[in-house]
Amino acid sequence: MVPLSWYLLLAAALFSVGLYGVLARKNAIAILMGIELMLNAVNVNLVAFWRYRTPELIAGQAFAVIVFATAAAEVAVGLALIISIYRRRNTVVAEDIDLLKF
Amino acid sequence: MTTEAIIWLIPLPPLLAFFLIVLFTNRSKTLSHIVALLAAFLSWLGGMFVFWRAINVEHLGVHPFTSSIPWMPTGNTWFEIGVQIDPLSAVTLFFVAWTVLMIFIYSVGYHNFGQPRGDQDRPGLPPHGSTVKDAHGHAHKVPSIEPMYSRFFAFIGLFAFGMFLLVVTNNLLILFVGWEIMGLCSYLLIGFWYGKPSARAAMIKAFITTRVGDVFMLLGIAYLYFATGTLSYNEIFSNPETLYQLATTSTGFLGLSVAGLVGLLLFIGAVGKSAQWPLHVWLPDAMEGPTPVSAMIHAATMVSAGVYMVIRIFPLLAAGAEPGYPTQTMTVIAFIGTFTAIFAATIALAQNDIKRVLAYSTISQLGFMFAAIGIGAYVAAVFHLVMHAFFKALLFLGSGSVIHGMEHGVLHTGDHSDPQDMFNMGGLRKKMPVTFWTFVIGGFALAGFPLITAGFWSKDMIFAEAFGNSHWGVFITLALAALFTAFYTMRQITLTFLGAPRSEPAHHAVESKWTMTLPLVVLAFFSITAGWSGIEHDFPLIGGILPNWMHDFVGATLQEHPELLEFSLIPLFVSLVVSLGGLSLGWLTYRKVKVGDADPLMKPLGPVYTLLKNKYYFDELYDWAFVRPSIWFAETFVYLWVDKKVIDGILHWIAYITSVIGHFLRTYIDKLIVNGFGALVGEGTKRTGRSIRIIQTGRVQQYMISALVTIVVISAVFYYLLILTP
Numbered sequence: 001m002v003p004l005s006w007y008l009l010l011a012a013a014l015f016s017v018g019l020y021g022v023l024a025r026k027n028a029i030a031i032l033m034g035i036e037l038m039l040n041a042v043n044v045n046l047v048a049f050w051r052y053r054t055p056e057l058i059a060g061q062a063f064a065v066i067v068f069a070t071a072a073a074e075v076a077v078g079l080a081l082i083i084s085i086y087r088r089r090n091t092v093v094a095e096d097i098d099l100l101k102f
Numbered sequence: 001m002t003t004e005a006i007i008w009l010i011p012l013p014p015l016l017a018f019f020l021i022v023l024f025t026n027r028s029k030t031l032s033h034i035v036a037l038l039a040a041f042l043s044w045l046g047g048m049f050v051f052w053r054a055i056n057v058e059h060l061g062v063h064p065f066t067s068s069i070p071w072m073p074t075g076n077t078w079f080e081i082g083v084q085i086d087p088l089s090a091v092t093l094f095f096v097a098w099t100v101l102m103i104f105i106y107s108v109g110y111h112n113f114g115q116p117r118g119d120q121d122r123p124g125l126p127p128h129g130s131t132v133k134d135a136h137g138h139a140h141k142v143p144s145i146e147p148m149y150s151r152f153f154a155f156i157g158l159f160a161f162g163m164f165l166l167v168v169t170n171n172l173l174i175l176f177v178g179w180e181i182m183g184l185c186s187y188l189l190i191g192f193w194y195g196k197p198s199a200r201a202a203m204i205k206a207f208i209t210t211r212v213g214d215v216f217m218l219l220g221i222a223y224l225y226f227a228t229g230t231l232s233y234n235e236i237f238s239n240p241e242t243l244y245q246l247a248t249t250s251t252g253f254l255g256l257s258v259a260g261l262v263g264l265l266l267f268i269g270a271v272g273k274s275a276q277w278p279l280h281v282w283l284p285d286a287m288e289g290p291t292p293v294s295a296m297i298h299a300a301t302m303v304s305a306g307v308y309m310v311i312r313i314f315p316l317l318a319a320g321a322e323p324g325y326p327t328q329t330m331t332v333i334a335f336i337g338t339f340t341a342i343f344a345a346t347i348a349l350a351q352n353d354i355k356r357v358l359a360y361s362t363i364s365q366l367g368f369m370f371a372a373i374g375i376g377a378y379v380a381a382v383f384h385l386v387m388h389a390f391f392k393a394l395l396f397l398g399s400g401s402v403i404h405g406m407e408h409g410v411l412h413t414g415d416h417s418d419p420q421d422m423f424n425m426g427g428l429r430k431k432m433p434v435t436f437w438t439f440v441i442g443g444f445a446l447a448g449f450p451l452i453t454a455g456f457w458s459k460d461m462i463f464a465e466a467f468g469n470s471h472w473g474v475f476i477t478l479a480l481a482a483l484f485t486a487f488y489t490m491r492q493i494t495l496t497f498l499g500a501p502r503s504e505p506a507h508h509a510v511e512s513k514w515t516m517t518l519p520l521v522v523l524a525f526f527s528i529t530a531g532w533s534g535i536e537h538d539f540p541l542i543g544g545i546l547p548n549w550m551h552d553f554v555g556a557t558l559q560e561h562p563e564l565l566e567f568s569l570i571p572l573f574v575s576l577v578v579s580l581g582g583l584s585l586g587w588l589t590y591r592k593v594k595v596g597d598a599d600p601l602m603k604p605l606g607p608v609y610t611l612l613k614n615k616y617y618f619d620e621l622y623d624w625a626f627v628r629p630s631i632w633f634a635e636t637f638v639y640l641w642v643d644k645k646v647i648d649g650i651l652h653w654i655a656y657i658t659s660v661i662g663h664f665l666r667t668y669i670d671k672l673i674v675n676g677f678g679a680l681v682g683e684g685t686k687r688t689g690r691s692i693r694i695i696q697t698g699r700v701q702q703y704m705i706s707a708l709v710t711i712v713v714i715s716a717v718f719y720y721l722l723i724l725t726p
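Which chain is which? The protein sequence lines are A and B, in order. Under this note's numbering, the first residue of the first sequence is numbered 1, with each subsequent residue one higher. Under this note's numbering, the first residue of the second sequence is numbered 1, with each subsequent residue one higher.
Excised from the complex, chain B in its bound form (with noise of 0.2 Å):
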């Protein structure tokens, strides 16, 4: 088989998985999840096998893979779909099919397969845990076996459905498809356990909060099919002559060319996508699903899908920009991507929930690979990506298997204290080794803990490309914002596996099983090793050992390869500052807090503290500005006004003239006129029948005298008309 169809193939496993599952095997928990592993299997065979082919190739980014079909008559012309597989898609299938298969097995660890199943649990809700009687007849409480186990594996399946088919297609519009399935996929795992009321508003929440970013990306996707007549990369981004035309044509909006415009809408896309600023509100709240949802969809593959998509149409962003002036488009998703960097990192620095600080880290990496964008660092954006999308499943992960940990701690002491809570934990660290080695990897990589990590090399990358152009703006926000990551990084690191267990529950974790260990294994060593490919030439004492291959891998996408920038000690020197400085500063705000203890940061902070605990008031903000004005239009206006007062109005009226109408036709049309004709006619057809009656007498003769004198007096009449006067 070529390569080219096996690219095809890649995304159809999980696809059939799904349907397998929720046709056939739903009712058999073993086989639906051996269905969806096996699915995942072959996907990230698939996809090692073409990432294999694709290093291998010689000019990937001149010639990559494709193949593509006729699907859609278009008037005399054909829309093409098809599959691509450019250094950038390559790498990214790299990371989406590692943390996909690695997602897969740690939810068979999470959602408790092979306990028994709960007391009380239903469809809907977490599991409650369920009691067995050991050999000596104690009673204890374990964790119980997901309710709804089958489904999560149908959802997770079409999930990654939708991710692989964004990976490997060609065109802007079957990205938009697999988009959409992910989207579908987060709302309904968002709301996995829908008998929980925040569940369902958080789903609610993201997919009318996405939704609002996706409306602005079709439009900018049909645009640029209005400009162009096609929506595929390469007829797009490589053709010099289509980006010229495009960053020449002004549309008349704000002084913007059509490739600014349609960049902008495009971005705005993947602001809702990916949660930036201010956009972002949905994806802490989508917390409320499983934990390898957040991981999967929240952290490693969907929210990266927003920055891929922009990434891809990085051509199209940069048409027309000189060295030094970037395009307004570009200043736009620079600022948003900086602004939303800080904005969530100082939020991150305020919440208890292990998953929320993790949620709020994501926002704020995610707008580092914006930030990376919009100063034109193109390969700086795609090496973050990918070294995020490691680390952070990881971190998700780990949260998951703390979450985990302490559940069993609550079902074990009966103590119903918040098992999310970081200020619950503590001390996790001896009994959680596996968990707690891999989350410090994950965690020191988010930070960017220098030279081993892999977070390091990617946002150092971030910074020297910011430096170097000098963006000052950009360097300095990123850098407080790196400062500040590594400062919640190590508050949550302290806070959750330091010092003293400082709950009943945290007395009583234990381990993950291998299921779940075994992933956050493998992704550590992602974590740490991936960044080893994109070490810059020049770096200090290790610098050249390997070659910077990051760089010269997904540079060559581009139809201008990206020229390597000088190396400069100062980018680097902010970078290590930050991160060590920010990770020992959390060490030592954190390190002694006890049970009950407010949060060190209170009191120094003061109402600042309050802010950020209440996320700068934004859902409070939208709920004012958005979300109440539409309940009164829909209630007030709609329901109360227009329905009641003005469309059932009309109808009343209608109803009562027709009424009235109604009640004439019947008195004096139907009643009198109709009735009486018809009355008229049966009661005179009786009246003549009875009259005319008696003459049928029944005798024979009289008949015949009749007939006689009816036959002479008819022969009279004809003998006077014919005969007589002719």
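In isolation and in its complexed conformation, chain A is listed as follows (with noise of 0.2 Å):
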């Protein structure tokens, strides 16, 4: 059996890759996607901590269930505030949305 710290490596890298690309993308869809990236990392580690430590127990899949909602719940929204900025801005770069500064 693959053992659990593959697993975890694996979320650890998808994260990562998830920070790079919220950090360092201009594209605010870029942005969510790292967002989601970041949030499947934290799904993987769940479901491989209830695998390998409780599997009799259903709490972590449904967990990650809880946080696919969210993630869909809130990629729904992210969107619709980006194509909000893009109608009265004609922009999705992140540097230009920069309102909310003194």
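The reader is advised that the hints may include incorrect statements.
Heads up, simulated SDA-like pairs for lysine to any residue below, C-alpha to C-alpha not over 25 Å straight-line [unchecked claim]:
hint	chain 1	residue 1	chain 2	residue 2
1	B	Lys644	B	Val627
2	A	Lys101	B	Val709
3	A	Lys26	B	Met704
4	A	Lys26	B	Arg699
5	A	Lys101	B	Gly698
Far from chain A by the CB rule (all over 12 Å, computed), these chain B residues [what the hints assert, rightly or not]:
hint	residue
6	Asp415
7	Ile545
8	Pro604
A short, non-exhaustive set of chain A residues, derived as facing chain B with CB atoms under 7 Å [claimed, not checked]:
hint	residue
9	Leu23
10	Val93
11	Ala94
12	Asp98
13	Lys101
By construction, these hints were calculated from the structure, which means they are not laboratory data. Predicted model, so just to flag it, every value in this text is computed and none were measured. The beta-carbon is built from N, C-alpha and C at its ideal position, and this holds for glycine as well.
Got two chains here, separate frames each, mind docking them using the hints?
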């Protein structure tokens, strides 16, 4: 059986890719995608820990499903915001969306 | 309804009338006097009913009509108030009810009800008269109605309440309450025409002078309550044990017993109220008030209250006295009364104002009563009190009628000579017949004209008592005072009514209306007939036809029924001589006074006349001894020194110190520290904000990087602290 640490390493790699995407990409949609990657890295962790530590309980899977639902909702809201910004300012570059400053 | 219930109700109607007039009907003069007259009539009716019941009951002195209710809790007991009608209060109630009703009726006419409003009349001044045009277009000046007509009836209503309350009560405290209510009304009514400075001065003088007596009276009441635990008449004056105890306990003050000291204190209260020397000065000045007020308050009722109270406490005064040896307090009372009688009678000889003569004669006659009490002549004092109330009310109302007629003359002729100066009068006999005849009856009663007038019988009784008990000093002095009384009475009658008119107004004086003359006639009736209730049994010829009712009835108030004296012809003879002699001397002296003549007494008496004219300079003496020191004390000592210098000085000093401290606090604490701290906080926050706001770029990714860095750092720290160095 594949050891747990492999899964964790995969999840860490996936998280880092997502984090990098969030921090480094200019496109807001890409940032949103990075966030999705990080969420899914967490999901991998959750499922892996459930399978290896408490397979008799269903909490880990349930948690993962909740994260999916949250992610879906978040994407819906996030994309709607981005579209709204695009319509008003005609850009999706995160650098340009800087109204929240002093 | 029982008699007791009626007694409770007697004082109430005038009180209700007072409130009704003050609160509701004061705009309507007609309604106001109807309310007041109705109230006086109801009280009169109640008074007469009670009097009638009282004289038809056996042994009223032992079993008086009495009823009381608990009023004020005093520890474990209750202070009870109530009403009581014994023979003394019954006769007092009789004359009070009659005089009050008569004076109420008289006031209607005196204040010119039914006359038009005055042209320039204003509240606070006597009416000046108004101009009317008759059918032929001639303008006449006629008397005008009093501007504050309703107010007058409200005040005398309250006054009547005070008097009735004082008469029907059964304890000294409520007596004092009624006493003070009358004091207030006296003040208000003397100053009824408050627009006159003299009336204002007189009202203050009356109030303050009587207050001197009242303070002592209150002390006496308090001491009596302290000594006996009750103020009820029955429990003190009808209880031989209590009296014995009071008479034998020494106070250590001038060797007086408790009874003596309390009696003396209460007597001082009566001295103030009844205007005895040395507190007599207020009464002549009180003539500034309207004449019904002078009659009611300052002749018939209020000043009688003082005598009534002293008669009421007679058992206390007499407690411990042996026959022939009166107590110290009684000696003092006899002395003050006798002295006042002669003192005021001499002043009255030289007064020209018709009302002032009567004022001094009131003082003098009240002195007779006190002298009678002082020598133990209880019944004689009561007798003279009742008779005096009738004839003196009559005389005052008569003098008011005279003044009224004279004022009519003043308005008619426009000649502004003093309508109260007797030397401006004369010949009014024909102009004012009713006033003349009633005034003569009243005057003769005052002078003690033999046999027919009431004053003769009561005065004779006092003489007989003084003579029979060998009080020679009192007897001789009072006889002399009676001689003067007869003299100045005849002087007054002669100057006012006889001879020829001595001024234009006197030529045109007219008789007063029936509202004024009716009370005169009624009171004149009593000034004659009332005296028949006290004719001595052994009096020559007519003695024994009528029973000596006064002696039997009033004497029964006392525990020990006073004994009848042996009849003696000497006091009777003296009484006849002084009254007839005085009257004829007065007529002879004054019958030929012409216009502009000086007083015929002025020449023979010389400086003594000036002394009498100026009332022995008592006003000046009091002004010098009391008034000016008081003013100096108030203006110079208290105002300039104590208030301005000491108290204001302390205040200024405190203010200065406070100001210095305040200045220091402001400069060094508030400005520097408190304000500095405030500025520091504000400025610091501002600067901090300004310097760190540059990190807020608005770029999401920069925020996230900083969040990441922070988390990494914090994680590293926790990792170091928790894992590496456990």
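We went through each hint and held it up to the structure:
no. : hint                : result
1   : B/Lys644 / B/Val627 : holds, 22 Å
2   : A/Lys101 / B/Val709 : holds, 20 Å
3   : A/Lys26 / B/Met704  : holds, 13 Å
4   : A/Lys26 / B/Arg699  : holds, 11 Å
5   : A/Lys101 / B/Gly698 : holds, 4 Å
6   : Asp415              : holds, 103 Å
7   : Ile545              : holds, 127 Å
8   : Pro604              : holds, 119 Å
9   : Leu23               : holds, 6 Å
10  : Val93               : violated, 10 Å
11  : Ala94               : holds, 6 Å
12  : Asp98               : holds, 3 Å
13  : Lys101              : holds, 3 Å
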